[in-house]
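Chemist: All chains should be modelled from the sequences, with the hints used to inform the complete structure.
Protein chains: 2
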Amino acid sequence: MHKSKLAGFIIDCQTADLQAAAKFWSRALGMEVRQLPGEEGDKYVRLMDAQHGLHVEVQSVSHPSRVHLDIETDDVEAEVARLEGLGAKEVERVQTWCVMEAPTGQRFCVVRKSAANFDAIANRWPAPG
Amino acid sequence: MHKSKLAGFIIDCQTADLQAAAKFWSRALGMEVRQLPGEEGDKYVRLMDAQHGLHVEVQSVSHPSRVHLDIETDDVEAEVARLEGLGAKEVERVQTWCVMEAPTGQRFCVVRKSAANFDAIANRWPAPG
Chain P
1 MHKSKLAGFI IDCQTADLQA AAKFWSRALG MEVRQLPGEE GDKYVRLMDA
51 QHGLHVEVQS VSHPSRVHLD IETDDVEAEV ARLEGLGAKE VERVQTWCVM
101 EAPTGQRFCV VRKSAANFDA IANRWPAPG
Chain A
1 MHKSKLAGFI IDCQTADLQA AAKFWSRALG MEVRQLPGEE GDKYVRLMDA
51 QHGLHVEVQS VSHPSRVHLD IETDDVEAEV ARLEGLGAKE VERVQTWCVM
101 EAPTGQRFCV VRKSAANFDA IANRWPAPG
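Chains as they are written, first to last, in the numbering used here: chain P, 1 to 129; chain A, 1 to 129.
Simulated from the structure, these hints should not be mistaken for lab results.
Since we're looking at a predicted model, the values are computed, not measured.
Careful: at least some of the hints might be erroneous.
Pairs count within a copy or across copies, as identical chains cannot be separated in the list.
[Stated by the list, open to error] Below, simulated PhoX-like cross-link-like pairs (lysine-lysine); rule was C-alpha separation at most 20 Å, straight line:
| hint | residue 1 | residue 2 |
| --- | --- | --- |
| 1 | K23 | K5 |
| 2 | K5 | K113 |
| 3 | K3 | K23 |
| 4 | K5 | K43 |
Modeler: Right, here's the structure in full:
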């Protein structure tokens, strides 16, 4: 048995000015900006979603701007296998997460659990077989 | 004074098989499918987000697949004006909502409020001037 749920979304922005992008989305969504430490902070700005408890970040990217979803899990390998069973494809591994592509074409990421209430509210998936 | 907040997101799928698309995303996210009545149901399937209270739908579209955010509000005109002030541009009006484009390039929609707890948790924006 492993668990997963929607973690939130990443607002991918094709821009050299990450702070301006984060400022727009922070004000548009009414979510406070939190700067991240070290090199992470050069690429990502977190937006604090007090209303829904989602993990939301603005990311500076080189590809065209988009929004992508993240799925959080207590077992990345089991979750990637489950999603492959539904028709998704693994695209690449980055640090601790896995980039996947849905059968409908959207990219999304499988990431390690981070929500404080993850264990209480995540979906439970029985082991295959 | 008017109010707004993130409503949720729409998973736009370039597909003629809306039900297959909804089935994948329902299982991937662990959110139950709810069929919508009438013509709405030909284009949209709702996914019930019991965990975060978001409004999530899978939509059949003719453009390339993507994910777009929705912002819900008690005053569409005031919210569109507020977002224009932040640098967003109006793209088109569809039924009761407004399609906008962020300065970072992503399309998003401003829609009428629908969350049950909207009034309690939405951001409050003072009237300009």
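Chemist: Take the hints in turn and mark each one as holding or not.
Modeler: Comparing the hints with the structure gives:
no. : hint         : in the structure
1   : K23 with K5  : between (28 Å within a copy, 16 Å between copies)
2   : K5 with K113 : within (9 Å within a copy, 25 Å between copies)
3   : K3 with K23  : between (34 Å within a copy, 19 Å between copies)
4   : K5 with K43  : neither (25 Å within a copy, 25 Å between copies)
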